[in-house]
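Using the sequences and the hints given, assemble the complete structure.
If you read the sequences in order, they're chains Y and R.
Under this note's numbering, the final residue of the first sequence carries the number 115; numbering is consecutive throughout.
Under this note's numbering, the final residue of the second sequence carries the number 110; numbering is consecutive throughout.
If you want the ones that stay clear, here's a sample from chain R, every Cβ over 10 Å from chain Y, calculated:
(1) Asp-27
(2) Arg-28
(3) Gly-59
(4) Thr-62
(5) Ser-82
Straight line, CA to CA, 30 Å or less: simulated BS3-like cross-link-like pairs of lysine-lysine:
(6) R:Lys-42 to Y:Lys-80
(7) Y:Lys-79 to R:Lys-42
(8) Y:Lys-80 to R:Lys-102
(9) Y:Lys-79 to R:Lys-102
(10) R:Lys-2 to R:Lys-67
Just so you know, these hints were derived from the structure itself, not from any lab.
Yeah, the Cβ is synthetic: ideal placement off N, Cα and C, and Gly gets one too.
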Amino acid sequence: SQTIHQWPATLVQPVGSPLSLECTVEGTSNPNLYWYRQAAGRGLQLLFYSVGIGQISSEVPQNLSASRPQDRQFILSSKKLLLSDSGFYLCAWSVQGRENTGELFFGEGSRLTVL
Amino acid sequence: QKEVEQNSGPLSVPEGAIASLNCTYSDRGSQSFFWYRQYSGKSPELIMFIYSNGDKEDGRFTAQLNKASQYVSLLIRDSQPSDSATYLCAVRGGADGLTFGKGTHLIIQP
Chain Y
1 SQTIHQWPAT LVQPVGSPLS LECTVEGTSN PNLYWYRQAA GRGLQLLFYS VGIGQISSEV
61 PQNLSASRPQ DRQFILSSKK LLLSDSGFYL CAWSVQGREN TGELFFGEGS RLTVL
Chain R
1 QKEVEQNSGP LSVPEGAIAS LNCTYSDRGS QSFFWYRQYS GKSPELIMFI YSNGDKEDGR
61 FTAQLNKASQ YVSLLIRDSQ PSDSATYLCA VRGGADGLTF GKGTHLIIQP
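Here it is, written out as structure tokens:
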């Protein structure tokens, strides 16, 4: 069966510090991968998605970046965090080829607090 | 710009009653529709999906879709306290994932 893991689960970072969140999927090949952010009182906001290694699409201009160095690995990064980067970050995957119908499966989430 | 609208609630329902959650969407090209449940501090988990107009039933849950009205709903029969959560409506129309509503907070009162 397919599983998705992301880490760390919780982190507290000072403003201006770097960030790296990692996500891996097991049990499937060539998934579509996604990073979402859920800020307090707001809905799930799509940040990045990837349909293959090295292919990243950005939905929201910001100081975050994403990379996909391996088929089932997705990394979210920042060089300098802002207070507004605080939130609950969710990695998700879906089956390649089902772009119009496929559901998303979410990891456990990473809660980031920027102080 | 795709938009999905939900009443944020809270929606309070007595235990054993039917909970009715509603959602509207803006993009007529949307082809598939999803309901996720999210407990506080946890990630969303898929409850149901629906692609065609009409009703789809799965246990205590029924999803309803009306594409002409751009309206999706979720009914929860015999509501239990464990159903208390935020319910997210989502629509899909391409490779760029799902567009989510902000969710409806449901409270089942024992």
